[in-house]
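> Listed here are the chains, written in short residue letters.
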Amino acid sequence: MKTIYKAPETMTKKDTTYCPGCPHGVAHRLVSELLEELNLVKKAVIVWPVGCAVFGYDFVDTDASVAAHGRAAAMATGIKRVHPEAFVMTYQGDGDAASIGVAETIHAAARGELITTIFINNGNYGMTGGQMAPTTLIGQVTTTTPFGRKPEANGFPVHLPEMLATLDGPAYIARAALDSPQHITQARKFIQKAFNAQIKGLGYSMVELVSTCPTNWKMSPVEAMERVRREVLPVYPIGEFRVVKGVE
Amino acid sequence: MGEKILMKGAEAVAEAAIRAGAMAFFGYPITPQNETPEYFSKRMPELGRVYLQAESEVSSINMVYGAASSGIRVITTSSSPGISLMQEGFSYIGNSNVPCVVVNVMRGGPGLGDIAPAQSDYFQGVKGGGHGDYRNIVLAPHTVQEQCDIMYDAFELAEKYRILVLILVDGLLGQMMEPVEFKEWVDVSKFRTPDWAIVGKGERARNLITSFNLLPEGLERMNLELQRKYREIEDTEARVEEYMMDDAEYVITAFGTVARITKTTVKLLRKEGIKAGLIRPITLFPFPKKTINERVPQVKFFLDTEMNAGQMFEDVSLAVNGRKPVYFYGRTGGVVPTAEEIFDAFKKHI
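As given, the protein sequences belong to chains G and R, one line each in that order.
One point on numbering: in our numbering, the residue at position 232 of the first sequence is 232, and numbering is uninterrupted.
Basically our numbering = 1-based index in the second sequence + 248.
Just so you know, these hints were derived from the structure itself, not from any lab.
Where hints are given, some of them may not hold.
Here are the simulated lysine to aspartate or glutamate pairs, EDC-like style, with alpha carbons at most 16 Å apart [stated by the list, open to error]:
1) G:LYS193 <-> G:GLU240
2) R:LYS449 <-> G:GLU9
3) G:LYS43 <-> R:ASP443
I would like the entire structure built from these sequences, with the hints used as guidance.
Structure (structure tokens):
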């Protein structure tokens, strides 16, 4: 019998530490599949974040490090600059890449570092129990916005890809979503282009993956996916914001 | 050793690091050490090595952390406020067991302070400015020549123990022009990627660099291993210069620039027939406790002198352990004491 679909070998057999219905597993799988497909596994170094994906190295089997909170892009820069032959990526949440590490993210992008960031936007701080994130929507209730996020008190959601797309350093900046098979297939294509940007030496690349956090959103996985389509994607639209020639 | 070159301390330290095999420099401008990154920015590209100006010291130490994790000789230099920003990175590097060298050209603090020479980051470097039970090896050269020589040792110690080696100097040493004789170039073509480094797993099992362990027993094991390493360093790596100590009845303790000044003070005291000597710790961690301990019986009192409010003073006092008086004289805020001033401070205790 011919095998037409199987789990990527780069994903370990360990049970993940993620909650039921969390899309981190989907994102890990997309990354693993593409690392294999593009023959990058043996030269890949993944810098994992502080946040829910802090144990990512247990699930995706490559050389790896765990950066301090927000510092992944700086750490990845250090690795890539001295080992340009390595494929270096960071995997970060919204608190990590867009709040505490926003300077590291922006300047890595501005320098056109040949690294790739997979940026998970689930609208809150998942691991610490659902506090407000820079990506939290207006009106969204979190443990630190108990009356809903109010612009006058808590400011506005940060749109990281749109910000980075104004810079000349990035070669590929996009946002995809993990709420449906159709969007996941699209996300895979976007990540492939981001990987291409690094492989071809074109510049920095990032793909934001609009994700869910059923536990902290206090929703079933299905309800959380529905909320993404109903409330999140109108604020964080899917799209490619910067595509330099050659990443295709 | 080659010919003697007249060089500014802040540039000589960069040249020494380059000859000692530094393959990458990451840093951020801060006075009074800007000549050092400026020198690296010219020399590193000439040699096909990496120079990168980061967006902050927070970032530059994490670039160092990344480069160190991939197993190459890497260095950063900064000054007190910048080193404060790096303390998070120091702690992570400490518990990740990766080697690197950091130079702190200390200036007056606290806060923004000033840009004049000081030694007020002793506690930060020696006792740990970041969180957790980690240590740095801390070296304190007192001349431009020693600063250059010690750079080779710094990289070797960093790699031997997989630890951050901090070189504590001050702006005076950086701005001073002195003749320097550099050691032989380290042959970087012989460098090999260590087996623990993260560079892509190739055919081996994957490597992981982390300071993280969520299980208390697991994290305790990591801590115990760190402490075992630190004890080994304390047992074997302490370095000290003893100056006119053979017959000394009085001891001045000082490090770095102040130690250099107190050599003159010791000579002034000797001229008056006072048998004074200097104990100059070259390693601040490990602190040369044994040397101080051995000298206690012959000594009437110790005078510790520093450009701070009495930081190494605590380690000298711990080593003397109440057996003899330990006095302190210090200047703060970037004021450099003169040899005569220390002489006067000494005479008050006779």
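> All the hints need checking, so say for each whether the structure fits it.
To see whether the hints hold, each was checked on the structure:
1. At most 16 Å may separate the alpha-carbon atoms for a hinted pair to count; LYS193 (chain G) and GLU240 (chain G) meet this at roughly 10 Å.
2. Between LYS449 (chain R) and GLU9 (chain G), the direct Cα distance comes to roughly 14 Å. Compliance with the 16 Å bound is thereby established for this hinted pair.
3. With a C-alpha separation of about 15 Å, the suggested pair LYS43 (chain G) and ASP443 (chain R) falls inside the 16 Å cut-off, and the hint holds.
Consistency note: the structure conflicts with none of the earlier hints.
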